[in-house]
Each structure stands twice: as C-alpha cells, then as structure tokens.
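Chemist: Sequence:
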Amino acid sequence: MAMGDEFRGLPMEELIGSPLSAACTANLKLAQATSDFIQAVGFQIGDDGKPNQEVRTADFRYSVPGPDNKPVEYQISTPLLAIVPIPSLKVSNVDITFDMEVRSSESSKESSDKQGAFEAPVRWDGVLLR
Numbered sequence: 001m002a003m004g005d006e007f008r009g010l011p012m013e014e015l016i017g018s019p020l021s022a023a024c025t026a027n028l029k030l031a032q033a034t035s036d037f038i039q040a041v042g043f044q045i046g047d048d049g050k051p052n053q054e055v056r057t058a059d060f061r062y063s064v065p066g067p068d069n070k071p072v073e074y075q076i077s078t079p080l081l082a083i084v085p086i087p088s089l090k091v092s093n094v095d096i097t098f099d100m101e102v103r104s105s106e107s108s109k110e111s112s113d114k115q116g117a118f119e120a121p122v123r124w125d126g127v128l129l130r
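Our numbering puts the first residue of the sequence shown at 1, with every later residue one more than the last.
What the hints contain is simulated information worked out from the structure, not anything from laboratory work.
Small disclaimer: the values here were computed from a predicted structure and weren't measured.
All C-beta atoms, glycine included, are put in the ideal place defined by N, C-alpha and C.
Treat each hint with caution, since some may be false.
In silico SDA-like pairs for lysine to any residue, Cα to Cα no more than 25 Å straight-line [unchecked claim]:
no., residue 1, residue 2
1, Lys90, Thr25
2, Lys29, Pro87
3, Lys109, Thr97
4, Lys70, Pro87
5, Lys29, Thr97
6, Lys29, Leu10
7, Lys50, Val84
8, Lys90, Gly42
9, Lys90, Ser77
10, Lys90, Arg8
11, Lys50, Leu28
12, Lys29, Ser92
13, Lys50, Lys70
14, Lys50, Ala40
15, Lys90, Gln39
16, Lys90, Gly46
17, Lys29, Asp59
18, Lys50, Asp36
19, Lys90, Gln32
20, Lys29, Lys70
21, Lys50, Ser88
Taking CB as the label site, the calculated pair distances span [as the list claims (entries may be wrong)]:
no., residue 1, residue 2, range
22, Asn27, Asn69, 37 to 43 Å
23, Val72, Asp48, 53 to 59 Å
24, Met12, Gln115, 51 to 57 Å
25, Glu73, Lys29, 25 to 31 Å
26, Asn27, Glu101, 37 to 43 Å
27, Lys50, Phe98, 41 to 47 Å
28, Glu14, Gln53, 18 to 24 Å
29, Ile76, Thr34, 23 to 29 Å
30, Ser77, Gly49, 23 to 29 Å
31, Asp95, Ser63, 55 to 61 Å
32, Asp95, Ala31, 28 to 34 Å
33, Glu101, Ala58, 55 to 61 Å
34, Leu28, Asn69, 43 to 49 Å
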C-alpha cells in the first residue's frame, strides 16, 4: 500500500477545521465575557435588574492647603471602568499538529536462482572425449 493511500478516507476538513472552529468559538466567548464585565461593572443596574446607560463611578474626596493655609476640599468622580482593569483575552495563535502512525506496510521481493549443467561426448580424430 502506498504512503499516500494511508491518507485516503481521512476527514481532513474535520481534522484541520475542528481546531480552527474551536478557536473561533473561544474568541466569541472571550469577547462576550469582556462585554458582560463592562456591563456589570461599568454601568448602574436599573430597577429591571439590567444595566442601564448610567455610568458607575468612584468618588474621591481630598483636601489640600489653600493660599491662606486653610484646607480646600476637592471631589473627583471618575468612571469605574477607568480605574479597573478590563479583562480582554483572545486566542491569537493556533498550532495544529497532525501526526499519523502507519500501522501496516507491505513489501514484496522476488528472486530466482537457476542452475544448469550440460554434458556431451565429443569426437576428435577418432578419439571419443567425455
């Protein structure tokens, strides 16, 4: 059986396509996880239990000495998503390794060995030679 014949009948589309499809599905799930995080952490939850368009903020207050050494109060309100790391993962590289083990092989060898012998009497000048 020729080496190329070993590959006949293998579902190459599935062997190579399935890992690529799995990587694509993984990227979709990772993108959805990022979107879900942004919605859950970055926006206020409405009365219906779903995120609305109101941005969730973190409020900071601090004071510094003013020109006459009296403390001056400041308040900063910053979007929570600006200070919280947003998970952003993706599959960027896919290696597909296809190993195949040949479990059968055939070999054929022909040889022939021939021998022969010949014997004949010869006459020469009336003398019989054998």
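Chemist: Looking only at beta-carbon atoms, does the pair Asn27, Glu101 fall within the given range of 37 to 43 Å?
Modeler: violated, 32 Å
Chemist: Does Gly46 sit within 25 Å of Lys90, going by the straight-line distance between their CA atoms?
Modeler: Not satisfied, since the Cα-Cα distance of roughly 30 Å exceeds 25 Å.
Chemist: Against the 25 Å threshold, does the CA-CA distance of Lys90 and Ser77 hold or violate the hint?
Modeler: Violated - the C-alpha atoms of Ser77 and Lys90 are around 32 Å apart, more than 25 Å.
Chemist: Quickly compare the C-alpha distance for Lys50 and Ala40 to 25 Å and report which way the hint goes.
Modeler: holds, 9 Å
Chemist: For the pair Asn27 and Asn69, does the Cβ-Cβ distance stay inside 37 to 43 Å?
Modeler: violated, 57 Å
Chemist: State, for the Cβ atoms of Asp95 and Ser63, whether the hinted interval 55 to 61 Å holds or is violated.
Modeler: holds, 57 Å
Chemist: Is the gap between the beta carbons of Ile76 and Thr34 within 23 to 29 Å?
Modeler: For Ile76 and Thr34 the Cβ distance comes to about 26 Å; the hint holds.
Chemist: Would you mind confirming whether the straight-line C-alpha gap from Lys29 to Lys70 stays at or under 25 Å?
Modeler: The given pair, whose Cα atoms are some 54 Å apart, is violated under the 25 Å limit.
Chemist: Are Lys90 and Arg8 close enough, with their CA atoms no more than 25 Å apart?
Modeler: Violated, because 35 Å separates the two Cα atoms, which is more than 25 Å.
Chemist: Does Gly42 sit within 25 Å of Lys90, going by the straight-line distance between their CA atoms?
Modeler: Distance ~21 Å between Lys90 and Gly42 Cα, so the pair holds.
Chemist: Are the Cα positions of Lys70 and Pro87 separated by 25 Å at most?
Modeler: Violated, at about 43 Å.
Chemist: Determine whether the Cβ-Cβ distance between Glu14 and Gln53 falls within the hinted range of 18 to 24 Å.
Modeler: Given range 18 to 24 Å: violated, Cβ gap about 45 Å.
Taken one by one, the earlier hints fail for this structure at numbers 3, 4, 6, 9, 10, 13, 16, 17, 20, 22, 23, 25, 26, 28, 32, 34, listed in ascending order.
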